[in-house]
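2 protein chains.
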Amino acid sequence: MRVTILGCYSATPRTFTNPTAQVLEINNQIFLIDCGEGTQVQLRRHKIKFSRIKHIFISHLHGDHFYGLIGLISTFRLLKRDAPLHIYGPKGIKEAIVLQLKLSNSWTDYPLHFHELTSKESEVIHEDEHVSVTTIPLQHRVYCNGFLFKEKEGDRRLILSKVLNYNIDKAYYRSIKKGKDITLDDGTIVKNEELTEEPNPIKSYAFCSDTKYDEAKVPLIKGVTALYHESTFLESHKHLCETTGHSSAVEAATIAKKAEVGTLVLGHYSTRYGDISLFKEEAETVFDKVEVADDGKVFEF
Amino acid sequence: MRVTILGCYSATPRTFTNPTAQVLEINNQIFLIDCGEGTQVQLRRHKIKFSRIKHIFISHLHGDHFYGLIGLISTFRLLKRDAPLHIYGPKGIKEAIVLQLKLSNSWTDYPLHFHELTSKESEVIHEDEHVSVTTIPLQHRVYCNGFLFKEKEGDRRLILSKVLNYNIDKAYYRSIKKGKDITLDDGTIVKNEELTEEPNPIKSYAFCSDTKYDEAKVPLIKGVTALYHESTFLESHKHLCETTGHSSAVEAATIAKKAEVGTLVLGHYSTRYGDISLFKEEAETVFDKVEVADDGKVFEF
Numbered sequence: 001m002r003v004t005i006l007g008c009y010s011a012t013p014r015t016f017t018n019p020t021a022q023v024l025e026i027n028n029q030i031f032l033i034d035c036g037e038g039t040q041v042q043l044r045r046h047k048i049k050f051s052r053i054k055h056i057f058i059s060h061l062h063g064d065h066f067y068g069l070i071g072l073i074s075t076f077r078l079l080k081r082d083a084p085l086h087i088y089g090p091k092g093i094k095e096a097i098v099l100q101l102k103l104s105n106s107w108t109d110y111p112l113h114f115h116e117l118t119s120k121e122s123e124v125i126h127e128d129e130h131v132s133v134t135t136i137p138l139q140h141r142v143y144c145n146g147f148l149f150k151e152k153e154g155d156r157r158l159i160l161s162k163v164l165n166y167n168i169d170k171a172y173y174r175s176i177k178k179g180k181d182i183t184l185d186d187g188t189i190v191k192n193e194e195l196t197e198e199p200n201p202i203k204s205y206a207f208c209s210d211t212k213y214d215e216a217k218v219p220l221i222k223g224v225t226a227l228y229h230e231s232t233f234l235e236s237h238k239h240l241c242e243t244t245g246h247s248s249a250v251e252a253a254t255i256a257k258k259a260e261v262g263t264l265v266l267g268h269y270s271t272r273y274g275d276i277s278l279f280k281e282e283a284e285t286v287f288d289k290v291e292v293a294d295d296g297k298v299f300e301f
Numbered sequence: 302m303r304v305t306i307l308g309c310y311s312a313t314p315r316t317f318t319n320p321t322a323q324v325l326e327i328n329n330q331i332f333l334i335d336c337g338e339g340t341q342v343q344l345r346r347h348k349i350k351f352s353r354i355k356h357i358f359i360s361h362l363h364g365d366h367f368y369g370l371i372g373l374i375s376t377f378r379l380l381k382r383d384a385p386l387h388i389y390g391p392k393g394i395k396e397a398i399v400l401q402l403k404l405s406n407s408w409t410d411y412p413l414h415f416h417e418l419t420s421k422e423s424e425v426i427h428e429d430e431h432v433s434v435t436t437i438p439l440q441h442r443v444y445c446n447g448f449l450f451k452e453k454e455g456d457r458r459l460i461l462s463k464v465l466n467y468n469i470d471k472a473y474y475r476s477i478k479k480g481k482d483i484t485l486d487d488g489t490i491v492k493n494e495e496l497t498e499e500p501n502p503i504k505s506y507a508f509c510s511d512t513k514y515d516e517a518k519v520p521l522i523k524g525v526t527a528l529y530h531e532s533t534f535l536e537s538h539k540h541l542c543e544t545t546g547h548s549s550a551v552e553a554a555t556i557a558k559k560a561e562v563g564t565l566v567l568g569h570y571s572t573r574y575g576d577i578s579l580f581k582e583e584a585e586t587v588f589d590k591v592e593v594a595d596d597g598k599v600f601e602f
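Those protein sequence lines, which keep their order, are chains C and E. Taken in order, the first sequence gives residues 1 to 301; the numbers are from our numbering. Taken in order, the second sequence gives residues 302 to 602; the numbers are from our numbering.
Just chain C, same shape as in the assembly (with noise of 0.2 Å):
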């Protein structure tokens, strides 16, 4: 599971920092999560080839992290996409991205799919073969959600050595992954516990950002391998989290801790900050895994 940072600043793009958008790559999918105005620079920038891009999902619509998705979607256009593209975020999305596509009279040539999101309860908005994403109702000052993308259990583990001692043939590879027990010839039934190992653990990401401080989500996010919470102010401004909608280092860590997280990423940095290791510094004072996001930085869990 890998997460690239594009942008996690808040508020404004400036010369050398970007607003939210990141690009997680899980189970050989990939989402692009938020899509504040420059995203598609940043996609060049790194290297993330336009076309695995097939899913996108916007929390929620204020300016950093949405007006960069109409420029997207209309150099897909330009680059004569013809596969499929979802966007998934809060209703109105639809109408902002089909009325500038109208009044520059240029529709996509390729299938563009809308969900617009209402619920202020979790919802599973996607799911196939690999990975299931889910809402995570966040407190800001418009309608907001987080999402949680969890991959889906993978196949048990053949232990190669026990399935050639048996002369086991190829075909049933397969279905011994699947958790089968075997019929040998002779009529002998082998367990499948004894030819495979348990599956790969399952790995999750949890994107939180805006939100205020706020246990509710707590449930929703237990155990996740890596959680990426917004901590927009360090203890100096935290009087401003609660009129803004936002949370501080420490609220951030303080949610990672309850819900016994594998590692949390912090970022939606104030831009009235120059030096961002301070937001681990406080994080750290509550919870120990902490790592702080960047503009182009990886993170690979």
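The hints are simulated quantities; they were obtained by calculation from the structure and are not laboratory data. Hints may be right or wrong, so weigh each one.
[Stated by the list, open to error] Once the Cα atoms are required to be at most 30 Å apart in a straight line, the calculated DSS-like pairs of lysine-lysine come out as:
id	chain 1	residue 1	chain 2	residue 2
1	C	LYS91	E	LYS395
2	C	LYS238	E	LYS403
3	C	LYS258	C	LYS297
4	C	LYS94	E	LYS395
5	C	LYS238	E	LYS381
6	E	LYS392	C	LYS91
7	E	LYS453	E	LYS355
8	C	LYS212	E	LYS381
None of the values given here were measured: they were computed from a predicted structure.
The hints should help you fit chain E onto chain C, whose structure is shown.
The following block gives chain E in isolation, referenced to the frame of chain C:
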């Protein structure tokens, strides 16, 4: 008069090139012309003070000329702007911006005035004591205007030695500059021509992008100090001009020649070309005062 090219490539923003946006400084006024994605970052990079921008002119609603506008408007709000902002562009521009502000629940605190254009005839759309701005109807795939910026005629210039010689009180300087004669204490009338020289010559700048070859605009831009004219294609692809509604370098130069402009500035290059000096080479076969725009380049006229 100074033009700062923030972006001058067509179609999509890329790692090292930007879509159309430029800043014109004329007679101490500043105008932003077009606003492709990433324009706000380009403004920061080139140290154009956001607060100086009071008028933004959008030629047409294709993304590479327009998708950076909503982000810039939002950033102005975040920076607590209070000065009014005037936006000039095709009908529909207001709906697109207002919808996105509404969706993000963040209306601007500063006055935002839209001047929507629908006329196919040239018209004066802005005028103050320093500058007038007139539309130049262009022929593109969607409704599109160029813009002609023209200094107002300045005051006549005092010949200080003469004025001092007549011992004229400073209180009269302003009316002398405005062209008035002066009656001395002894009743002698001194003609204005004796005290002043002609005003500085009027400068003017015509922005013409995007457009196919069209001589109809020649009378409008006759004799301008500088003409920015799109040249999307080289001769090798001139067959694409008609269908895409664009011009070649040779066509841009032909317009410049017919309009007897001071300098032709080429731009809006198709991103298929690696070497933009070829545009200058081809244009110079027709017209000899050619400059090639490039991102970050500053022209003084």
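Status of the hints after comparison with the structure:
1. LYS91/C to LYS395/E: Between LYS91/C and LYS395/E the Cα gap is close to 21 Å, so the pair holds against 30 Å.
2. LYS238/C to LYS403/E: holds (28 Å)
3. LYS258/C to LYS297/C: Cα-Cα ~26 Å, so holds.
4. LYS94/C to LYS395/E: holds (18 Å)
5. LYS238/C to LYS381/E: The hint holds at about 21 Å.
6. LYS392/E to LYS91/C: Holds, because 25 Å separates the two Cα atoms, which is no more than 30 Å.
7. LYS453/E to LYS355/E: Between LYS453/E and LYS355/E the Cα gap is close to 18 Å, so the pair holds against 30 Å.
8. LYS212/C to LYS381/E: Judged against 30 Å, a Cα distance of about 23 Å means the pair holds.
The structure shown violates none of the earlier numbered hints.
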